[in-house]
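Here the protein sequences come in this chain order: A and B. Residue 1 is where the first sequence starts when you use my numbering, and the numbers rise one by one after that. Residue 305 is where the second sequence starts when you use my numbering, and the numbers rise one by one after that.
You may find that some hints are simply not true.
[Said to hold, decoys possible] Sample of chain A residues with no beta-carbon within 12 Å of chain B, all distances over it, derived: (1) Gln-7; (2) Phe-54; (3) Leu-90; (4) Glu-97; (5) Gln-130; (6) Thr-148; (7) Ser-168; (8) Leu-296.
[To be verified] Sample of chain A residues at the chain B side, in silico, Cβ under 10 Å: (9) Leu-55; (10) Thr-106; (11) Asn-151; (12) Ile-170; (13) Ala-172; (14) Ala-268; (15) Phe-271.
Hint data in this document are derived by calculation from the structure and do not stem from the laboratory. Cβ coordinates follow ideal geometry from the N, Cα and C atoms, glycine included.
Each chain is listed here by its residues.
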Amino acid sequence: MDYFLQQLINGVTLGSIYGLIAIGYTMVYGIIGMINFAHGDIFMVGSFIALITFLALIGLGITWIPLALLLVLLAAMILTSIWGWTVERLAYRPLRESFRLAPLITAIGMSIVLQNFVQIAQGARVKPLQPVITGNHIVSESGGFVVTLSNIQIIIVITTVMLMTVFSLIIARTPLGRAQRACEQDRVMASLLGVNVDRTISLTFVMGAALAAVAGLMYLLYYGVIDFYIGFIAGIKAFTAAVLGGIGSLPGAMLGGLIIGLIETFWAGYFSGEYKDVAAFSILAIVLIFMPSGLLGRPEIEKV
Amino acid sequence: MAEAAQTTRDGAAPSTALVSRLAPAFKDAGIAALIALALSVPLLSERTVQQGSSLVLQNRWWLAFTAMGLVFVGRLALNLLREGDVTSRVSAVLDQAKIGLPPTDFGRWLAPAMIAFAVILPFMPFSDRYIMDVSILVLTYVMLGWGLNIVVGLAGLLDLGYVAFYAVGAYSFALIAIHFDLGFWISLPIAGALAALWGLILGFPVLRLRGDYLAIVTLAFGEIIRVVLLNWDDLTNGPNGISGIPRPTLFGLQFKAFGDDTFAQFFGLSYSPLHRIIYLYYIILILALITCLITIRLRRLPIGRAWEALREDEIACRSLGINTTNTKLTAFAIGAMFGGFAGSFFAARQGFISPQSFTFIESAIILAIVVLGGLGSQIGVAIAAIILIGGFELFRDLEQYRMLVFGLAMVFIMVWRPRGLIATRAPTILAGGKRDPPETVGGAQ
C-alpha cells in the first residue's frame, strides 16, 4: 500500500509535466488541425534555456532561490515563446493552404533541426544540475518503507494546476480565447468577421511554447539532468496524453497527462522499467484505434 | 503548380525603383535580425561546460552576433531580390523539365540512362571501393524509398514507422540464416514474407485512422519494435546486436580469399575483395529495379488504381465500392515486403545488426527521400536518394552539422515545393482508354 502511494505521488508529478506539454499539442491541433511534431523539442529547448539562465543568474550572484526561479521561469517562457513563434512562422504558416501532410513533414524537419541545433550549440553530453529545491515531507512510514512527498513535487503540481486555471480562463473569457475558438470552428468565417487568423494561430503557438517552457523547467528541477534528446520521447508521450484526453480539449490534455504519467509510473514500478515506453505507445495505438475522440473530446465529423 | 512561386513573404512588391524599397527591406531585415538574436540567447551565446562536478557557462557572444548579422544580410538580400525571385525561376525550370519536355527526349531517356549508368558503374575507371560502398548505400535507400513510395506516394498513407519493417526484415534474415543455416537466397524471400506479414499485423489495427493520426501510430509501432528488439535479449541479443550473419553467395560460390568453391578460383581470377562489393552492388541494384518494376506494373492493375484513388479521396473510394480495407492492407504489406528485402540485404551486407540501426531518424530519412523526390514519382525518389544520401556521404566529416542541414533542407524544400522536386499528381491511367504519356513507361514519371 505504501509502495502504491509512493508510485501514485510520483505518477501525478510526472503526469503534471506531461499535461503541460500536452496542452501545447492540443491547442495547436484544435486550431489548425495539425500535429506540431516539433513541440516536444520546444519543450527541450525550454529546458535548456532554463538551465542556462539559472547558471547565468548564479554567476551574477542571485542566489536567493525563489527570486532566481521566478526570473528563470520568466526568461524561459519568453525566450521559448520566440522559438515557438519562429517555428510556426518558418515551417507552418507558408504551408497553411497546402495539403494535409505537408506541415507534418516540415514539423519533423523542424524537430530534427532543433535537436541538432541544441546538440551542436550545447554538446551531446547530459547536463546535470544540482538539486535546487530540496526538502521532503514524510507522508507515512511503516515497516521501514517511507513514503515521501518532496517540495519540488508539490511545486510542480501546484504550478500545473495554477497554469491550467489561468489558461482555461484565457481561452474561455478573453478576446484572444474567443478568437481562438472562432478559428477552431471555421477559419475562413472568422477571418471574414475580422479575426486576424494568422496572429491568433501565432499566439496559440506562443502559448503552447510558454507552457512547454514551464514543463521544461519542471523537468529540469525534478530530474536534475537533461540532454538534447529528451524532447522526442516526452513529446510522443505528451501527444499520447493529448489524444487520450481528447484532442482539442484543455482539461482533457491534463487528464490524459495524469493518466499517462500514472500508467507509466505504475508499469515501471510493478512490471518492468525497460518496457514502460512500450506501455505508453501501446496506449496511444489502442486509444486512437478504439476511441479516436478520446475521453473528453468531441467526435470528429467528416464532411464531404 | 501555383505553389511554385509561393515563398515565405506576404504580398507582392510593386515594381518601383530600388530606393523606395530600401527602407521597408531594411526594417524587415532588422526585425528578423533581432529575432535571430533573441533565438541565439542563450542557446548560442552561452555554452554549458562540465567542470568538475558542476556546470559552468562559457561566453560566446560573438556567435550570437554572427548569427544576427548573417540573418540580417540574408533577409535583406531576399527582400531586395524579391522581384527576380531566384527560387521561383528554378521552380519554373523544374516544372518545364516535367511538363514542357516530356514529348522531347529528356524525360524519356533520363530513366534508361540512369539505369544504364548504374549497370556499368562498377567497371568505370573511377569506381573504387569507396564509390562502390556509397553506391550500395544509395541504392539501399533508393529501394527503401520506392518501397515506402507505395505506402505514402501511391496509397497516401503516411507511415512514420517504415523502419520497423526494415528492422523486421534484417532481424528475420539474420535469425533464419544463423539458426537454420540457410543461405542468402532462401532467407531473403522468407524475411520479405515475414516483413509483409508484419505489415499486415501492424496495418490491420490502424486501418480506421487517417492522416496524421496514422502517422503517429505507425511511429509508435516503429518505436515499440525497436524497444522490443533492444530488450528481448534471448532472441535478439539486445543492444549488442547479432553478428556473424552469413554473406551472400553466387550459386554456392563464396567470396573468400582462400578455400574451396570460391568465386575467384572458379572463374580463374585472382582474389580481390572488390568482387564481393561488386556482387553486393548488383544484388541491390536488381532488388531495387525489381521493386521499381513491380510498382510500375502494380500501378496499372486495379489495385494500383485503387491506391491512387484512395490517396485522392477515401470517402469517394468507399462510395464507389472500393474495399478500402484490402486496398490499404495490400499497400502496407507490399511496402513492408520491400522494406524487408532491403533489411535482409542490409543485414547480409553488414554482417552485423543492432537496434541502433533502426531508429526513428531512419524512418524520417526514408520519408524525406519520398517526399522531397515527389510523392508517387519513381524517378524523383531515385534522384532524391542520390542527392540526400550522396550529400550525407560528402559531408561525413561534418557529422554534427549534416543532420542540421538535413532538417533545414526538409523544411525549406517542403515550403518551396510542397509536392516535391518532381511533382506528379496525375493518375497513372486515365479514363476513356487514354494511354499514359510515353515517359512513364521507363519509370520516369
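Hints versus structure:
1. Gln-7: holds, 21 Å
2. Phe-54: violated, 10 Å
3. Leu-90: Violated, because the least Cβ-Cβ distance between Leu-90 (chain A) and chain B comes to about 7 Å, which does not exceed 12 Å.
4. Glu-97: Answer for Glu-97 (chain A): violated, closest chain B Cβ roughly 9 Å.
5. Gln-130: violated, 7 Å
6. Thr-148: holds, 25 Å
7. Ser-168: Answer for Ser-168 (chain A): holds, closest chain B Cβ roughly 25 Å.
8. Leu-296: holds, 17 Å
9. Leu-55: Holds, about 5 Å.
10. Thr-106: Constraint on Thr-106 (chain A) satisfied, holds at 5 Å.
11. Asn-151: Since chain B brings no Cβ nearer than about 22 Å to Asn-151 (chain A), farther than 10 Å, the hint is violated.
12. Ile-170: violated, 23 Å
13. Ala-172: Since chain B brings no Cβ nearer than about 27 Å to Ala-172 (chain A), farther than 10 Å, the hint is violated.
14. Ala-268: violated, 13 Å
15. Phe-271: violated, 12 Å
Violated hints, listed in ascending order, are 2, 3, 4, 5, 11, 12, 13, 14 and 15; each of the other numbered hints is respected by the structure.
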